[in-house]
Amino acid sequence: MTPVNTAPVTASAVGTSSPIAWLLDTWRLTRWYLFAAWRRVMSKVLLGILLGLFVLITGFIVLGFVVTQNSSTVARDCQPVPAATQQAGDNGNGGQVVCEPLSAQQQQQIRDQQADSIRAPLTFPGSLQFAGGYTTFMGVILLAILAGAMIGSEFGQGTIRLALSRGVGRAQALTAQVAALAVLALGIGLGMLLLGALIGVTIGPALGATLSALPAGGVGALLAYWLAVSLYLFAIAAIAFFLATLARSTAAGIAGPLGYLIFELIAIGVLSIVALAIQGDTGDFLRHVPDWFLGQNLGALTTAAFQPLAAAVPTIRGGATGGGNGGQTIGTMHALLVSLAYCALLVGSTYFIMRRRDVTD
Amino acid sequence: MDATVPAQHAPPSATTGGEVVLRTIGLSKQYGRITAVNNLGLDVRQGDVFGLLGPNGSGKTTTLRMTLGLIFPTAGEIELFGARISDTNHRRAALKRIGAIVEQPAFYPYLSGRENLRGVATFAAMPSDAATSRRVDEVLELVGLAPRAGDAYRKYSLGMKQRLGIGAALLARPDLIILDEPTNGLDPAGVVEVRALIGELARGGTTVLLSSHLLHEVQQVCTRVAILKQGNLLAQGEVSTLLAASSGVLLGFTDPAELPRAAGVLLQAAGSEAPWLRGAGYVPPEPGAWVPPGGWLVRADTDVAHAAAINALLARHGIFAAEVRRYEGNLEQYFLALTGAEGQTPAPAPAQAAMPVVPGASGTIAGAIAGAIEGGRA
Ligand SMILES: Nc1ncnc2c1ncn2[C@@H]1O[C@H](COP(=O)(O)OP(=O)(O)OP(=O)(O)O)[C@@H](O)[C@H]1O
Ligand SMILES: [Mg+2]
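One line per chain: the protein sequences are A and B, in this order. The first sequence begins at 74 in the numbering used here and counts up by one. The second sequence begins at 17 in the numbering used here and counts up by one.
These are computed hints drawn from the structure, not numbers from a lab. Warning: the hint list may mix true and false statements.
Said to hold, decoys possible - Only part of the chain B face toward chain A is listed, based on derived beta-carbon distances under 7 Å:
#, residue
1, 112
2, 141
3, 172
What the hints assert, rightly or not - The following residues of chain A were derived to be distant from chain B, with all beta-carbon distances above 12 Å:
#, residue
4, 97
5, 102
6, 140
7, 143
8, 174
9, 175
10, 180
11, 231
12, 240
13, 241
14, 246
15, 324
16, 352
17, 404
18, 413
Stated by the list, open to error - Residues from chain B that keep clear of chain A, each with C-beta distances beyond 12 Å, as calculated:
#, residue
19, 78
20, 86
21, 109
22, 119
23, 121
24, 131
25, 144
26, 168
27, 236
28, 248
29, 320
30, 323
31, 328
32, 332
33, 341
34, 344
Using N, Cα and C, we set each Cβ at its ideal position, and we do this for glycine too.
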């Protein structure tokens, strides 16, 4: 350490307290958090998993397509007797099933139907729903892990005090973290949907599908779908943000959101069973409790956001690709408001917790 | 213990009367039932190299954390650069003028030293331009990390981590540098370098607040110190004043029988003809310390300028010292006397107190041994 003349300081960042300066500083901080997140080995591994699995699934669909198109077993498929001659609910019991050789024409028709439904997720715009659905599952899990690690490690490494002791405000640090998560959510949403679009205009047509034109207002619908998928990603990451800060730990940040998603699954199952058993008003009430669950609302929102595009997907009418929520009871506005309320609650509570907390990590 | 270490600190006149950079007023911090800091009143002035001293758990780090806005006081106020930091806007502005390491430095383990300093520049709201990049490299050079600047922080040794922490503290050319045990983990050369660096900074007008256990180090670099124990302020003042208050004259005798007589004469004179004498007592023999022909010492606590007068005083009573030696007080003795090596709590002294005067014994150890000698004779 060679002593170097350090002149008395006059210039300093003091006095930059205008809102604009605050926003600019916060945006720089956001970029720093993104940079620090990107430089983790973990984020590259997670990205690899996200893309790798997506490619793998796409590959399996292509494989499934090729296998069904080349199989001759279609001809031996047993066709149930047309529904008109049967009572609903009778099917499993005494329903007649006729197995007779189909004409070449019929076989071709069935093959075409199968082909359509198999390559739909690889054909634009059905491929968007495929990518979006994948992202709201795999992407959500992986972003939740990254977010938990990102936010939790600020405490684990003690880098939060590095920032705070330099005059970064607590609200500012949190805002930058939230902004970083939002950028990640939007980026992952955009990236995955672009990938979906790319697959949709290459692989689908390559498998013989004809691209249908976007419906009117398609661009707006695309935008809305992107935002809905991103909100899904962000909201679950917000759980990670909240819990990682609350517990000052990476483990809580990662396990929390994943645990919550699993909890929702179990709770929905249990509630529907109990609701069936109880009946009446209480049963009705219980049946509607999941309407207030975060994941349910996010799911309803993304499904609703895709609706305008679904018209352009030939096979969607039959629900072949739609992962739609069976008895969808959540309205779009309800879904949007509940999702946003969750985000506001999670982020707001985190601000409140950090406002006067001692940072000694 | 070498009682004759010359004090190398800067002249006190250069540091007094500056603008108050940091002031704590009735500052307290309670952790559950533990009072980590109790009613603390510190004054760190522009240009000070201020040492915060105290045994483990005395509240040094807690005080620094409160100053940096990391933890909130239970009671009291902190003023930085003239305004209270309970005002969030002022706190954020003031912290931009401070560089600090508190306890172990904290950095992103997977980022390089250079990247971490860029992060600190971002936190400190330094502009993201070429000048800042140059400053980052300059600081890396300054703390001797330039050759390893591209390595991940987690691959650094303890001392290298500490160096990066010091570099981060210097980066934004702060007006106040806060260093919590800065030489922790450094090799001897590193310790000397940090000492030189602190001196350099102080000469450049930067105020330095550091906490340390290395009293020898503190004595060499600090102009002012505060001593804490169990959260209480025991003493605060100029190092030179504190040291002058614990300096004196050592007297060696060939005949051990002269020791009680000499001590008696000095103690009596302290109350009458020699008011400049603060006290006197036996000095216990310590391994390796200078020992006069008679094997025993008496110490007279006074300004070293009175050496001749003391000699004359004893001669008037027919006592002739075989050797007369001046000793400069050292911070370690002062600290141990004040904080009580045996663990008892001395009553907290007023904030500006100087050396606590203990007639007849200049330190608890010396006093204890002197007492034992007397007891053995009786
Ligand atoms: N986060 C905390 N929670 C509870 N007690 C704490 C916390 N931090 C510090 N303390 C307590 O406050 C007291 C002062 O601790 P502090 O770290 O300030 O001491 P110190 O003077 O820095 O000691 P050292 O020289 O060992 O670094 C100690 O009794 C400690 O146990
Ligand atoms: Mg400490």
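### Query
Which numbered hints are broken by the structure, listed smallest first?
3, 4, 5, 11, 12, 13, 14, 19, 20, 21, 22, 23, 24, 25, 26
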